[in-house]
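**Student:** Residue strings, one per chain:
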Amino acid sequence: MNNKNIVLFIGGLFFGLGLAWGGMSKPEIVLSFLQLTDYGLILLMGAATVTTLVAINIAPRFMKKPILGGDFKPRTRVLNRNTVLGAIIFGIGWGMSGQCPGSALSSLGIGNFPVILGIVAMFAGAYVMGRFLG
Amino acid sequence: MFPLGIYPYILGGLIIGVGVSFVYLTTGLHATQSSLFSTTISYFSKIPYFQRKTYLDSREWRLYFAVGVILGALIYTVIVSPDGFWTTSVQWWRLLIGGFLVGFGTRLSSGCTSGHGISGIASLSTTSLYAVITFIVVGIITAHAFQFLGVTP
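Protein sequence lines correspond, in order, to chains A and B.
The first sequence lines up with residues 1 to 134 when you count with our numbering.
The second sequence lines up with residues 1 to 153 when you count with our numbering.
Bear in mind the hints are in silico, worked out from the structure with no lab data behind them.
The beta-carbon is built from N, C-alpha and C at its ideal position, and this holds for glycine as well.
Check the hints yourself; a few may be wrong.
Said to hold, decoys possible - In silico lysine to aspartate or glutamate, EDC-like type, Cα no more than 20 Å apart, as pairs:
1) 46/B - 57/B
2) 73/A - 83/B
3) 53/B - 28/A
4) 46/B - 60/B
5) 65/A - 83/B
6) 73/A - 28/A
7) 4/A - 83/B
Claimed, not checked - Listed next, the stretches of chain A that the computed footprint assigns to chain B, with coverage defined by at least 3 CB atoms under 8 Å from CB atoms of chain B:
8) 18-30
9) 37-44
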């Protein structure tokens, strides 16, 4: 295991811990946001985003490069039809099941084994997308 | 608005933000989730879409990251959680069909709640902002439609 993989593993531990602590490993809690009975998801997403926003935008002023090398590049994507169409399809699946990719993985860690079905289906959906539209 | 209180949500979000920031400051990488599906498929499929260089270059660390996410939630369950292991009551057909649409849609859109939602908006990307608004609005409409049809939870 090289240093980069160790860093990503530790980052993943934080990500999974945070998702579980904030309840997002439970599709029911995600659904309670989408049903507008508990707005917690926005708080969680906001806290995560603001923390990351500070790191991404402030750090490069004090550090030339990431500690293990590489470059600081903000995450940018071009807006096109697929971005919006994909977001609509994702939104339907999300609203139907209360699962998104990260929350589904963390759901395994809380022992929610039915979510394996959802994760296998996510791989299938990603495959079909790449096979026919990629 | 917050029947379960606000503290676990804010704390959870801060922990996620610290993890994503730590990865970025150390490696310059964006620790996002949905690409895992495409990069892992590259181990098995020869289709050019999956054999693109960015997928081959990132497929290993994305697996380490995913294992970390699972174990991080396990750590919470074992050490912190008041209710221990837990199983959803969302029906299997919703997990299956919803999961398929999540996999398809996030890859078509090049991002999910973490890629567009956390890393994208933190990178001040307007594309990601539009994507987030779109999937939140569509998610709310869909969840209400199922509720209207009498599907619970």
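**Student:** The structure should be examined with respect to each hint, and the outcome stated for every one.
**Tutor:** The hints, checked one at a time:
1. 46/B - 57/B: Cα-Cα ~16 Å, so holds.
2. 73/A - 83/B: violated (41 Å)
3. 53/B - 28/A: Judged against 20 Å, a Cα distance of about 37 Å means the pair is violated.
4. 46/B - 60/B: Holds - the C-alpha atoms of residue 60/B and residue 46/B are around 17 Å apart, at most 20 Å.
5. 65/A - 83/B: Roughly 43 Å between the alpha carbons, so the hint for residue 65/A and residue 83/B is violated.
6. 73/A - 28/A: violated (35 Å)
7. 4/A - 83/B: violated (34 Å)
8. 18-30: Three-residue rule met by the stretch 18-30 of chain A, so holds; n is 12.
9. 37-44: holds (count 7)
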